[in-house]
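Asks: Letter by letter, the sequence shown follows residues -20 to -1, 1 to 306 of mature numbering (1 follows the signal peptide of the UniProt record, and there is no 0).
Simulated from the structure, these hints should not be mistaken for lab results. Note that the coordinates shown come from a computational prediction; the quantities given were computed from them, not determined experimentally. Be aware that one or more of the hints could be misleading.
Said to hold, decoys possible - Derived lysine-lysine pairs resembling DSSO-like cross-links, with alpha carbons at most 30 Å apart: (1) K273 to K119; (2) K273 to K109; (3) K119 to K103; (4) K46 to K28; (5) K119 to K46; (6) K119 to K172; (7) K109 to K46.
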Amino acid sequence: MTRWLIAPLLSLLLAAPLFANEPLRVGYVRVMDDAQVMLAQEAGLYEKYGLDAELIEFSSGTDLIKGIVGGQLDLGVLGFSNAFTWAGRGADLRIVGGAQRGYHALLAREDAGIDEVADLAGKSLASQKQGSTADIVLKGVTLADAGLSPDDLNIMGVAPSVAVQSLAGGRVDAAFLFEPYARIAQLQAPVKEIYEIGEVWPFPCMVVITSAETLENRRDVLWAAMDAQREAIDMLENSPEEAAPYITPYFVNDAVIEARDGSTVPSEEVIAQAIATNDFSAELTEDDIARMKELAEIMQAQGILEGETFDVDALLDLTWQEEREL
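The whole structure should be built from the sequences, with the hints applied where relevant.
Replies: The following block contains the structure:
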């Protein structure tokens, strides 16, 4: 073969996926924090990297983690506290990459007399499921910094869509919400944002979790999945308007969202704005890991993790991001 043919052929080989139609089972939660999973599927990025991906939806990370532990999933994008909880019970899990840094807004009804977090005393608050990363941060950081304990208010763990309905219907005074539900609630209900955790206590809310067995046996498949999700994250971070049409149907069925003032807003515009408020990152930095260790201490104080110490580093395998030189 002549030399002038070798370089182009080599480039084609390097660009091609390592395999074709390799099955992949991905667990996700229908929140903006998991947008890279939805986008990687809908934009054909998993397929681009040789994967036949099946997305399996869960109502919360506390449910999703059971699928990873039980071997029904290859990986999931969820809160890292779930891995801590199950590792404390003996599950052999690995955190292999980042996904999103926490956006959770505290929205209060305008008629509830709530202007700051401390005003939640004696009020009702809709939040995520007990034991979730959002729940742990709410109780261990947001409320604690305001001098409140969980017993000072009525906290109800519900799905984000239910939280929006409860807030709009006046069944709760406030809600702790992910995007795009926080943005939709502000369009449809008489509410105001009084706090956003990412502005005061940034942390790696969502990470990529797998089992040690899957990592050992399907490393190349996992790495391909993370390459696809990294490409999706690049689009989310740099081109929210381009990403929005792919994932809008996951959150909104109609072309427009009706606001309480009678106007309408294109659904894709709302989703693009929700994407832009989030900080997506495939990398776990030293600061992220420090926050994870801080939250492990909070979980110990809350009685979720037993023992005096918890080895966060033992759960981390950052080989993928090291190989990709992130």
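Asks: Hint by hint, where does the structure go against what was stated? Just the numbers, ascending.
Replies: none
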